[in-house]
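**Q** What follows is the residue order along each chain.
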Amino acid sequence: MVFFAASLLLIFIGLYAALVKRNLVKIIIGLSIMDTGVNMLIISLGFVKGRTAPIISLKELFKKGTLLVDVSKVVDPLPQALVLTAIVIGVAVTAMALSVVIRMYSVKKSIEIDDFKELKW
Amino acid sequence: MTNMLKIKEKQEPKRRRKMAELLQYFMLFLIVLMLALALFAVKTKDLLSAVIASGFISLVASIVYLYLQAPDVAMTEAAIGAGITTLIFVITVRKTKGKEK
Amino acid sequence: MRKIIAIIFLSIVGLYILSLFAQIPFGKPYKGVSEHYVEKGIEENRGSNLVTSIVVNYRGFDTLGEVTVLFLAATGLSFLLFSCKCVREFKRIKSSLVLRTATDTLFPLILVFGTYIFIHGHLTPGGGFQGGSVIASGVMLLFLAYRRFHVSHKVLSTLESLAGITFAAIGLLGLIYAKSFLANSVLPLGQWNKLLSAGVIPLIYIAVGFKVGAELSGLIADMISTTKED
Chain A
178 MVFFAASLLL IFIGLYAALV KRNLVKIIIG LSIMDTGVNM LIISLGFVKG
228 RTAPIISLKE LFKKGTLLVD VSKVVDPLPQ ALVLTAIVIG VAVTAMALSV
278 VIRMYSVKKS IEIDDFKELK W
Chain B
842 MTNMLKIKEK QEPKRRRKMA ELLQYFMLFL IVLMLALALF AVKTKDLLSA
892 VIASGFISLV ASIVYLYLQA PDVAMTEAAI GAGITTLIFV ITVRKTKGKE
942 K
Chain C
3 MRKIIAIIFL SIVGLYILSL FAQIPFGKPY KGVSEHYVEK GIEENRGSNL
53 VTSIVVNYRG FDTLGEVTVL FLAATGLSFL LFSCKCVREF KRIKSSLVLR
103 TATDTLFPLI LVFGTYIFIH GHLTPGGGFQ GGSVIASGVM LLFLAYRRFH
153 VSHKVLSTLE SLAGITFAAI GLLGLIYAKS FLANSVLPLG QWNKLLSAGV
203 IPLIYIAVGF KVGAELSGLI ADMISTTKED
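Residue numbers (the numbering used here), protein chains in the order written: chain A, 178 to 298; chain B, 842 to 942; chain C, 3 to 232.
The hints are simulated quantities; they were obtained by calculation from the structure and are not laboratory data.
Just so you know, these numbers come straight off a predicted model, no measurement behind them.
Check before you lean on any hint, since a few could be wrong.
With a cut-off of at most 30 Å between alpha-carbon atoms, the simulated DSSO-like pairs for lysine-lysine come out as follows [what the hints assert, rightly or not]:
no., chain 1, residue 1, chain 2, residue 2
1, B, Lys938, C, Lys5
2, A, Lys285, C, Lys5
3, B, Lys886, B, Lys855
4, B, Lys886, A, Lys198
5, A, Lys226, A, Lys236
6, A, Lys236, C, Lys5
Looking at chain A on its own, in the form it has when it is part of the complex (with noise of 0.2 Å):
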């Protein structure tokens, strides 16, 4: 429970900083810390009190003499594995919106978003 309310915090901290703050780099600080808390919160859904880790190399995690597992002893696997493809996207996403930042400095020698207002009447 204190992990959902955390992670819920992360993200709704990271919302603030994308539509409050002016600087461009900040607003792409606040979806990196609102994708950690994304990530944190999926994979707290898939936690169970007192199991293991989903790598089985011990023959006590087996059921006896066949090759099956226990299911009552090892922890969900599916959200880590969802988990591991949102983390690289993550990182190439910020890094493509890094790129457009760097190309609109260079137009205008600023990064704040107030200096950007041709499209406006």
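Given chain A's structure and the hints, the job is docking chains B and C onto it.
**A** Chains B and C in isolation, oriented as in the chain A frame:
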């Protein structure tokens, strides 16, 4: 001699429960540290400090993932979040003369 | 004024979502697809790492999609920064003796460590993405320590393309020999907890490790590069 061994065996579960409780308090401390760092990263005007704080958040999150029994994810978050993301942020801050007005 | 409206709005939405999440019990056992993945995972794949067998075998198509997204992001980044004059105004300073000596000692060890991680992906925690990022951080160390270091983009893009073609070719082999894309029974399954086991999973992860390592190194090289010929 056998009496001393029996007393040590009886104290084993109590010690394990105390360790589990200490581990829970440590996780609580790490979570509070993470939230304090997030607030600092949003509030400060110096962009380099904000970037280092966001890298520190990734590192602490990697330790929390280890408590949640996810070693693959902890390794990925430590290598990518605290390494690659912080580096590309620092390169951008250097190229755009990072100060917030 | 804007800050106060944002805080009020976010706290209302946040309290509502928190009340929804408070009804989910934390730490209760799971049912459904994960039960099948955990129970039959070793019998069908013979690899000790269950997360690897999910990422490469059961959900292998999503991994192909993710590798494509990473490729698109790296291509878009190098396209945006290609003709920018900003990259030429960036001066690198001479690093200290401590950094150079430490890099000389550590870079081969980091390379070997990263290769070990993605070769043993089906036995220990790790795999292609983790090993690739460790290799990229080794290359990043070289960039920080030496002023005139540059990577040749031809070598990186050739390596990356060959690794991507290998991944798709293994999938097509599965289509030809076993009637489903990315099937695992093309190579013999072998014995649990040995290096040469688990079908095509080690081969796919080696290809992914090379690809991610080359891609992230190229991404860092694009952002740091100082002269026009890099």
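**Q** So, for every hint listed, does it hold in this structure?
**A** Taking the hints in turn, this is what the structure says about them:
1. Annotation: proposed proximity of B/Lys938 to C/Lys5 holds, straight-line Cα distance about 26 Å (limit 30 Å).
2. Distance check on the hinted pair: A/Lys285 and C/Lys5 sit about 27 Å apart at the alpha-carbon level, within 30 Å; holds.
3. Taking the CA atoms of B/Lys886 and B/Lys855, the gap is near 49 Å; set against the 30 Å cutoff, the hint is violated.
4. Restraint check for B/Lys886 and A/Lys198: the C-alpha separation of about 11 Å stays at or below 30 Å, so the hint holds.
5. Taken as a hint, the A/Lys226 and A/Lys236 pair is honoured in the structure, with Cα atoms around 21 Å apart against an allowance of 30 Å.
6. As the CA atoms of A/Lys236 and C/Lys5 are separated by approximately 57 Å, the hinted pair breaks the 30 Å bound.
Hints 3, 6, counting from the list given before, are not met by this structure.
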